[in-house]
Each structure stands twice: as structure tokens, then as C-alpha cells.
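Colleague: These are the residues of each chain, in order.
Number of protein chains: 4
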Amino acid sequence: MMDKIKVSILGSTGVVGQKMLRILENHPYIDVVNLSASRSKIGKKYSESVAWVEPGDIPERFRDMKMVSTDPEDHKNVDYVLSALPPEVAEDIEIKLIKNGINVISNASPFRMAENIPLINPELNYQHLELLEKMDTKFVKNPNCTSTIMSMPMVEVLRHDYKKITLSTLQAVSGAGFTGLSYMSIDDNIIPYIHGEEEKIPAEISKMFGFVSNNKIINRELNMYVTSVRVPVKVGHMGIMNIEFNDDIDIENFKNSLRNFTPLKKFKNLYTAPKNPVIIHDEENRPQHKMDLSNGMEIHVGRLEYKNKNLRMVILGDNLVRGAAGITVLTLETMNEMGVA
Amino acid sequence: MMDKIKVSILGSTGVVGQKMLRILENHPYIDVVNLSASRSKIGKKYSESVAWVEPGDIPERFRDMKMVSTDPEDHKNVDYVLSALPPEVAEDIEIKLIKNGINVISNASPFRMAENIPLINPELNYQHLELLEKMDTKFVKNPNCTSTIMSMPMVEVLRHDYKKITLSTLQAVSGAGFTGLSYMSIDDNIIPYIHGEEEKIPAEISKMFGFVSNNKIINRELNMYVTSVRVPVKVGHMGIMNIEFNDDIDIENFKNSLRNFTPLKKFKNLYTAPKNPVIIHDEENRPQHKMDLSNGMEIHVGRLEYKNKNLRMVILGDNLVRGAAGITVLTLETMNEMGVA
Amino acid sequence: MMDKIKVSILGSTGVVGQKMLRILENHPYIDVVNLSASRSKIGKKYSESVAWVEPGDIPERFRDMKMVSTDPEDHKNVDYVLSALPPEVAEDIEIKLIKNGINVISNASPFRMAENIPLINPELNYQHLELLEKMDTKFVKNPNCTSTIMSMPMVEVLRHDYKKITLSTLQAVSGAGFTGLSYMSIDDNIIPYIHGEEEKIPAEISKMFGFVSNNKIINRELNMYVTSVRVPVKVGHMGIMNIEFNDDIDIENFKNSLRNFTPLKKFKNLYTAPKNPVIIHDEENRPQHKMDLSNGMEIHVGRLEYKNKNLRMVILGDNLVRGAAGITVLTLETMNEMGVA
Amino acid sequence: MMDKIKVSILGSTGVVGQKMLRILENHPYIDVVNLSASRSKIGKKYSESVAWVEPGDIPERFRDMKMVSTDPEDHKNVDYVLSALPPEVAEDIEIKLIKNGINVISNASPFRMAENIPLINPELNYQHLELLEKMDTKFVKNPNCTSTIMSMPMVEVLRHDYKKITLSTLQAVSGAGFTGLSYMSIDDNIIPYIHGEEEKIPAEISKMFGFVSNNKIINRELNMYVTSVRVPVKVGHMGIMNIEFNDDIDIENFKNSLRNFTPLKKFKNLYTAPKNPVIIHDEENRPQHKMDLSNGMEIHVGRLEYKNKNLRMVILGDNLVRGAAGITVLTLETMNEMGVA
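Protein chains in written order, with UniProt numbering: chain A, 1 to 341; chain B, 1 to 341; chain C, 1 to 341; chain D, 1 to 341.
The shape of chain A in the complex, shown without the other chains:
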């Protein structure tokens, strides 16, 4: 029997860290051996360190694990550190781990745009993982939750000659973390601004759709206008995307291509990969948070309407699973299958 991949979870008490534990609870070949969070929790049991918010109880096997630090010496025993650290502390901690020879796959924003570090949404650009072959210590980033979700159906958009993409994102409260927004500030309200988001989304997507040259990612140029607002839903980022093409497209072909977009089929043991990463809905009242987030790794697309070279799509994805915890696990699984892990 193959040895399991040993991992640490950094930021394990946050909302994304908790979701990682849920996903990895019964994983067939990834084994969580270390949990860490902020310094004050070192030495405590996980169950005493966490304000558990995931539905269901803390998985039994993690309850009594003793919290360790984020220092390199506490992670010498793992193959990979999976980081769900908050951005303000991630930079220092992650760079220290890398300098000490510890591999990191990270959800945190620092270094996402570094040209020599792959920014992976596996179905879209697992090929960028080839950059790792020349790295002694592996360092991989995952995109922002919204970039991850909205980029998925763009794979088909970018196969055509388009003029402009206009995107409005309606983002869930959990995207700001469990305590990021008070009830009084967002209930029965919409906040029409999310700091940094409107810059990150096009930048990160342009890197994901870039190509590798001389061990660097050359970003793809995009003409994309993004507006991001916070809406009072707990989980699920929705996007309304309007694309203007230069030439006519065949909308049925477009939909079929997305339905049949299964680039990871060639890999065998991707336990978190959805059968179809993009689900196309023909019912006019889909996608909906209430109906379409039960498999958190799928991206749901509906309201496709095409006229006069203009296409409209409504996109929905789970910001905690596909947008954060799940994408990191899928990235590691893909690396393992490609032989770069």
C-alpha cells in the first residue's frame, strides 16, 4: 500500500481551515498530521482552540490533536503544508517555511502574482504545475475564491475572439471570514465594495490563463471590468458576466463545450475532483444557492442568453469549497498524480 501524503494545516481554526479538515477527514491518501493556528493556541487541543462552525461535530480524529506553531521545525515531518492563513500573517510564515525547505500550497493572497509561482485552479491550468519540476522546495498558490469560481466558464469564452468582459460579483459573507462582517452591517443590506477584490479578480484570472515561458508565467491580457458587492447570503459567490464577442459564436456549441469540459479525466485518483466541473442549467431560475451548492467543487452556470454577439451568463460556486479549501486539496491531488508532489 502506498504511503499516505502527510500534511500540516496552517490556519486550521479558521473557516477555511475547518472546511479543509472536513474534506480531509476521510481522505484515502492524504493524512493530516499537524494543525496550527495563532501562537496563543500552541499546545492546546484542537477542540479547545477552535470556535467550530462547520455543520456537524469536529471530526473525532482531530479533536485531541495538540496545536503546533507555524515555525518550520514543527513541520519537518510533513510532505506539504497547506496554508489557510489570513493574508496579513501569511507572507512571513510561508516564506520562512519555503526557505527551510518545506513545501507549501497556499490559499493566502501574498505571492499570488509572482511570475515564478504557479497560481492553480486545477482544471484550468494544471499544466502550470510543470514549473515545480525545477523548484527544490515547492510553492504553489491558489487564487482568490471569486477568481477561482468566475474563471471556470471563462475557459470557453477565451477560446473565442472577444471584445470585453463585464462582471458583477455578488459575494457571500463567509468570504470575509467567520467574523468578518457583523450582522448589523450586512443583514437586509448590500455593501457595494469589497476591498481589493476588483483588482485581484482580473489580475489573477489573467495569470491562470497565462502560459509558461522560461520558467515563468506570462499573463494573458484581458479586457475585463469587475464590480464586486457583498450580499446577505452566507455561502456562495454569484457572478453576472456579460461578454461581447467580435464574431458570432454558436451558443449551443458553447454550452456543450462547457458541459464536456473534463480536463482532469486523464488522472485517476482525484478524490475531490467533480465529474463535471461546470454544470449548465437551462431552467431560467437556476443556479441558486439553495439548490446548487451540495457538491461544493462544481461551478454552476445558467441564464445563458446570446444576442448580437453579446453573451450573458450567471455563475455560482461555493466560495469555501471550490473557492478555498477544496481547491487546495485538489491541487495537491493533481500534483500527486502528475508526479510533481
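FYI, nobody ran anything at the bench for these hints, they're computed from the structure. Ideal placement from N, C-alpha and C gives every residue a C-beta, glycine not left out. Hints may contain errors.
To be verified - Here are some, though not all, of the chain C residues that point toward chain D, as calculated from beta-carbon distances under 7 Å:
1. 192
2. 242
3. 288
4. 303
What the hints assert, rightly or not - Subject to a maximum C-alpha distance of 25 Å in a straight line, what follows is the list of computed PhoX-like cross-link-like pairs (lysine-lysine):
5. 76/B to 99/B
6. 200/D to 307/C
7. 66/C to 44/C
8. 200/C to 216/C
9. 307/D to 200/C
10. 163/B to 163/A
11. 309/D to 163/C
12. 163/B to 309/A
13. 99/A to 134/A
14. 99/C to 216/C
15. 234/C to 234/A
16. 200/B to 307/A
17. 309/B to 307/A
18. 309/B to 255/B
19. 163/C to 163/D
20. 309/A to 307/B
21. 163/D to 309/C
22. 4/C to 66/C
23. 4/D to 45/D
24. 4/A to 275/A
25. 309/A to 200/B
26. 309/C to 309/D
27. 234/D to 234/B
28. 200/A to 307/B
29. 4/A to 266/A
30. 309/C to 200/D
31. 66/D to 96/D
32. 200/A to 309/B
33. 6/A to 96/A
34. 164/A to 307/B
35. 234/A to 234/B
36. 307/D to 309/C
37. 164/A to 163/B
38. 163/C to 307/D
39. 309/B to 164/A
Keeping the supplied structure of chain A fixed, place chains B, C and D upon it in accordance with the hints.
Modeller: Chains B, C and D only, in chain A's frame:
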């Protein structure tokens, strides 16, 4: 002392009807003399006929008014009938009133696109009221709540040579009426479709910005792509509008023009007209439902960002006041000042 | 291999019916063979008849089943009809089925208080199922969702000599059905009244805790004061119960008795029975809807505080699973094990 | 013309402080001359120091006021300091002001139970203000929001010989301050515990209903069991109160006494005093947050049901107005009329 304008309220027990009563409760020169609703309520007191949902109690002076029918004979004693009828019954009732010589100003959708009936958002097109001069019986329509709100800042957009307008509307639950959406269907959810809305909005706006010729409205052609979704907020429709211009615009001039857009200043006694119909916000987290709906007749515009001939605005308005009950009262006030009432 | 128990689901398109299908989707020995709902849906596929609201998709095996009527001739082929009918139609339909020799286990309110029909919350009074032995056609009722949940920890209360029970129930919106309450009426609001609830709860609980004599249930007298309010949560009924005892009780014994209350342990194949029907929480901020409804068949009890012969408990249960769909399935499973099915 | 009473507002940027400014914006004889908040805001304009959350804009006259410290020297120019300070800083600041001869009326919890400091809910115990006559520097406390609201109808309960009072309080999110609870923690959830609340409520009420003897308040003994839970509504604390009396009461007399409870009628210029502090509702679905909080100083009582010497009432009040900002203003107004201010 001038005689008061006598009005009936049709659909007086609905959410828009109640809002009309609140607005007219202490009106200096409009006097509500008849209330009607569905047939089963005729003869009952208003207070026994209504499921009152407006904040605060039923205005004392309406509590004991006896409900009348919607038939013409019950409205011979008024100068105007103000209609907040549901669309499925409005057509027959309104046409019968008109045929019997009773003037009607109506919020309901039937006949909104009729070329000889003015569709009035007073600041934008009070001039269209001139059509009334040749009508024996006056029949005026108000636009859909979303059309009303979103059209307001477009007054400045359409002064420039633009290529395309893309609009995403995030619409409040009250837009579907008090019982239109169940809690289970919309709480913690977004429904990405509102029946008929995406067609109505550009059509009605093209009529509002049309011009009068031969006693008809000639619609203005628009190149506008609209997506409408229902969000879990109670009151307030928000729009994210992206405009591409053909030539560069001066964004500061654009904002100032909207700030100074006060076309009704020439009229004296418009009690419901806001001093400035368009409020421009420079703070990046405005407009918000929580902060910007206390004067329900104003339209709030923020997040103005201009680059490469592309302008983005976030628009917010009160769908029950400006979008429905208030616009009807302001229409009557304007007609009165213009001498066509 | 044992033959499976064949069942029909009546009211299969409602929120409780859907939950039954979810629970029975992979049941090892109960097989759903008929689905019915209102007359207008007869002959249609289930997927075309239902507004599916359960998380996740319609189970594949039910999608294409053809809807049948509620008439007896359509249910001759089953061992049991499970009824999730709305109360206003349940009486006629159920009595007709019974008269035609078709066994019924029902969630609906009519006949719940009939002295010769068992009203079953399995852990509490499976013994009442002995009444079925003399019935040619089996007719079993399940209690109201709130009665079901609140009665569970009362098993221990009623072992002591008590003076009075005061109960405030904070009930979820789904208890009124999927479309029972509009968003505008209950969001950010509490409605301090639920029709019929305050009478049903003590009456049904007095029957559940009654005893069998001459093939009838003799109700147990209760001194219980109930107030029921509707709160803006989607799933989960909470109760605040204050009990005054006549003599001192040992609170630790009380808690342990509830923890060890496992009356169904003697039966082997109860697939929906929770290992422990009552979970006692010592943390002061439990139970919570967000944390404690993942196993919908458990009843969660916390905030136990005892002083001066007065005990306070906060009780929480899933009104759709334990309170409706799950209790019916567990009732059938128990009947099967007892040999009365 | 009488000189206005000059006041400072401490904690002026919090949710209660903002509400005070709204109430005092146009007050006929109270003039806000100083605003203070945390040290870091000293010298800034109010509009730059506050995250304004009250509906409507910041009152014009306060926008540009320069923030001062909470130190005594900054408040020598006022007649009274009104304190809406958070409890953790209130003790030191208030005691320092008092020691420096500055009068304080405070909402904050420290010293509420001190026997020589009146704890005032004006209608209930304005008589306790007589304690001030012998104080050189006046120090008055207002009760906790829930104590304030729930005590009001108890005035009639305590006129009778009762055995026990059981109270369940369903408290709004704003009671924890604007940022006290995250959206993720309380939306679609109930938290069955509020730190300190269950002790404070009976203690404070027993003091409010106490009597003055030797310049001290002797608390009234109460037999009261309280459970407090947090519910997902923004404003409005509801209580379900069950009272067992020793003798039969006349329920109609009881209701009429509450309806006619107008102890402040003797004072003339109480601008914030409601005409009737207790409103009795006979409709079974009242009181409701949605309908009954428009006059924030009234306490609404409904669902009165009496049987077997047991009375049940549902009580609702505005926790920000009557429960905090309004009660402080009304206290000062009453002191002014009584000649102790």
C-alpha cells in the same frame, strides 16, 4: 384657499397602496376620499380590510373609511383615481374608469407602452404630460419600479454618445409584493430571474427618454443589456451599470451634472419632490440600503469609476416610494403645477 | 433475503414529503413504490410535479416515477402508505384508505387525539403500538413536530413529582410549510402566535405519555402552559422549558438518565434511530441550530439549571426530520421490528 | 426664555450614542455641546470619527463638532454628562467625572446595583430620584435594556400577591452593539445564552421596584426565573412572561390598569415620554417588531391569557430607544421637571 384635489386609491390594501396612504396622510392639497380593494372588502372599514405592514399604525383618518368598489360610479366624486392595482386586474378596471370619464394615474403595467399614454418619471419627462392637453379623460402611467430608479442617472448618460449599457439589477423582495416570495425560497439565497423584468426595463426607459410627435411618444432607441436577480433584502433596488462611450467623457462634469439635475425647480408646490433627485456618493462603500433610503424619493449613485471610455455606477433607490407610491403622487403634483390636472 | 416493505408517499411534493424521499433514498428495507400529491399532478413525472427544495438534487430513482392519485386503488400494491398530507385534505383521504384496507402511518393532524389510534414518538411510547395487534387495518399517527421534539426530554421530567411545566417554543419557518410564511412577514420579525399550536402541544404530549387500557389510550394529565412564537430561522424548533418539582431532584442523575435513555436498543434494524435520542450539552451556548442539527433525529438539550426545585432546559430538534419525515420512517421501522407491521 | 440644559454625550459614536443624537437633534431644551468617544478620536470631527448606522444622515449640527476626551476638564461646561460608554471603560471614567463634580446619567452597567445610586426607569420609579437631593454631584443609572423593557408591565403584576414569575427573553442583535455579533454566527440561528443577562434582569428589576429608606434603595424581593436567548432580529427585545398568582386576579382590570398607567402625566414638559408607556394589544398576532416599534418609548404587551391563577404576557420594546438612549433622555427630562436636575 384652493380646493384640494380629491383622489381615490385603488389597490389601497396592498403594499404600494399603504405606502400611498402614508405619503398622502398629511398632504397639503391632495385629499384621499375613496379607498378600494378587492370586491370582497366593499363596505368594510379600511382597518378591517387591510393587513397593515407599513411601519407605524394606520393613519387615523383612514381607519374607519368604508371601502368602495372599483366601479366608475364609486369614483364620480374624485378628480383622479390613483391606481396601485395588481397587473392582472388593472387592465379591465382602468379602461372602464377611463371610458366613464374618470381620470387615472396608474402604477400598473398594462398600457405602459401605449404610444399615446405618457409614461412619467417626473424629473425625466414631465414634458410628456403635454399629451394630456388633448385628452378628454386623463390617463397617465408610471414606469415599473426598477425602470424608474435606473433611468434617473441615465439622463446624463444619454447626453453623450454611448455604445452600450450593461445593467445588473439586484432587486428587493418587496418588489414582488408583500406575499410574493416565501421566506424559505429567498432567505440566504439569490434567485437569478424575475419574470418579464429584463424586457420591461429597457422598453420603458426607451419610452421615458422618447420624444413627442403628433400626440404620440416616439421611443428612443437604446442598446441596453439587462440582467435582473432577486436578493434577500426587503426594500431597495440596486443596479450595477456599466456604460461604454464612443468618446471620452469628463467624469467630474458628469458627476456635477447629476448633482445639479433639478429640472422640477421651476415648479413651486411639489411636496414630494426631493431637492436633488440624484445624490452622488464619493465614499467607496455607498450607496447602501441601510444608510441611503431615508428619503425614499432620491436616487443614490456611487462607485463611479471611469477608465478607457467605460463608466461604472452603482445605483440605489426605494422601490416602494420613488419606484411606486411616491412617483404617482409626484406625477399628480406636477400635473397640477403644469395646469394639466 | 427478506422482502422489502413497500410504501407509498402521500404529499410527496411537499417539504416533508421531499425529506421522506431523502431519508428513504437508500433505505435498506423500505422501498418507495408510489408517489402521490394533488390531483392535478397525476400521470406526470415526479420531477415535473415538484418544486424541489431539499439540498442536493432529486434522488435519481424518483425523478421519473409517475405520480398516482391518493385513491385506494392506486395503493393496493403497498404494505403501508406514509402520509405527509396537509391537514385540510388528510382526513378524507386517510379515512378512505383505511376503509379500503390500506395501512396508513401519518404525520397529519386529523385523528391524532382519537383514543384508539396510537400517536407514536417511538422512543417514548413504542409500547402503544400494541394497539395495532387487534386492528385489521393499521392506522398510526405521529405527533406534531413541536410535540415530538419537546416531549423527548420530558420522559425524565415525568418520572418525578412535578407541579407545573412552562414552555416557550421558538419555532422555525419551515414548520409552516415551504410557502407558509412570506419573507416580508417574518424576516427581522417574530410573530408571537401560531394557530392551534398552544393547544396541540400539551394535548398530544398527554396522549404520548398515556397508558393503554381496554385497547384505548388513557391520556396522562399534565399541568403545562405553552406559548408558541414564530422566529426567523429556517429549520429547528427550540423550546425553553421551566419545570417546578414538588420535591428536590438530583440534577446530575437527571442528566445521566437522559444521556442513557436508549429504549430502542433492544431492536436491531432501526436504521433511522439515533444512538442516543437525547444529547445533553454542558457548554452554555448550546444547543444551536448552526451546530446541532446535523443528525436530524437527535434532540439536543442544554442550559440545564436547577435551583429551588426549579429546572430550566433549552431543547432543540429538527422539525422536518425528527419532527416529521424521520419519525414516520422510524415508526414503520419499529413496527417492523416489533412484528406489528 | 429658560436656558437650555447643556449636555455631553460619552460614547457618542456607538449605536446608543448615535441614537441619543437622533433623539436630541431637535430637543427643545436639551443642548448637546460636547461629544466624546475613544481617545484616538479626540480632535477629529464627529463625522470623521463615527461609523454612522442610524437611518438617515448624521444630523447637520453634529457633523463638524470636534471630539473631546472623556476627562473631567473637557466637561466643565455642561450640566450633565450622558454616558453611553461600553461597560469595560465606564467605571473608571464615570467615577472620575463624579469625583470632579460633574453630574452623570449613565446607561453603563457598573454601579447599577449600588444602593445609594438611583436606577431609574422613569414611569416606574421616578420617586427614587429624591435620593439626588442630598447628593452634591448627581449620579444616576439607567437599567439594562432588557430590565427596562420587561419591568414595565410588572408594575401591575407586583400589585398582586404572586408566587413566581418565569421569563424567557428573545433579544435582538443590536443589544450586543453594532459589531457585537457576526452575521455568520447569528443569521438563521439562535444562541441560547447571553453573558450576565439572566442575573442582571431580576437584580435590576428588584432594585427598580425597591423603596427608599435612609438615603438608600432597599431592593424588593422577587421570585423570578429568567432565560435569555439571542435571536436574529436587529432591534426589539421580546419577553414571554408567565406569572403564577396566589389569588385570582381580574384580568380585565389588570389590562385596564396597564392601559391607564400614566404616572408621568403630572409633569409637563417631558418631550420623550410616550402618552401611554404600556400599549395593550388584543389581536393575537401582536406585538410584532415589524408593527410596534415606531414609537420607541412605548412597551407593547399582547397575548394576555389568564387561567388557573396563571397569566401569560408577551412583551416587546425597543432596546435602543426605551432600552438605552431614550430612557436616559427621559430621565434627565424628569429630573428637570422634578427640580433635581
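Colleague: Are any of the numbered hints broken by this structure? If so, which, sorted upward?
Modeller: none
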